[in-house]
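Undergrad: Sequence:
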Amino acid sequence: MKKADYIICYDISDSKRLRKLAKNLEKFAMRIQFSVFFAPSVSQEMLFDIIESINEVIDIDEDDVRIYTVLDPGFKLGQAIDLHDSTTFS
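Numbering (my numbering), first residue to last: 1 to 90.
Heads up, some of the hints might be wrong.
[Stated by the list, open to error] Here are the simulated lysine-lysine pairs, DSS-like style, with alpha carbons at most 27 Å apart: (1) K27 with K3; (2) K27 with K2; (3) K23 with K3; (4) K27 with K16.
Hints were generated in silico from the structure; no laboratory data involved.
Could you build all of it, start to finish, from the sequences and the hints given here?
TA: In structure tokens, the structure reads:
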């Protein structure tokens with residue numbers, strides 16, 4: 001079964017839906033930013049489950065959710081640089 005990596009990002013207008021969507025996505029993916037998740041090695045069946053869980057929460061007229069396929073198989077996440085951390089550039 002073929003698997004792929006995905007980036008899921010969203011802009012949710014209602015704070016209750018926002019929290020619920022984030023909690024649902026944490027079951028499938030790892031948070032890499034406040035509204036951005038990375039879902040590695042996802043099967044087609046799992047992708048459908050993720051999409052279904054998203055659609056159960058969002059308001060299609062008010063919210064924006066995007067799922068991007070990571071095309072480069074060499075894509076790896078390294079350590080993040082926190083621009084709010086004053087020791088980062090010391």
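Undergrad: Given the hinted pair K27 and K16, is their alpha-carbon gap at most 27 Å?
TA: Distance ~18 Å between K27 and K16 Cα, so the pair holds.
Undergrad: Are the Cα positions of K27 and K3 separated by 27 Å at most?
TA: Between K27 and K3 the Cα gap is close to 17 Å, so the pair holds against 27 Å.
Undergrad: Please verify whether K27 and K2 have alpha carbons no more than 27 Å apart.
TA: holds (21 Å)
Undergrad: Against the 27 Å threshold, does the CA-CA distance of K23 and K3 hold or violate the hint?
TA: Holds, because 23 Å separates the two Cα atoms, which is no more than 27 Å.
Every hint, counting from the list given before, is met by this structure.
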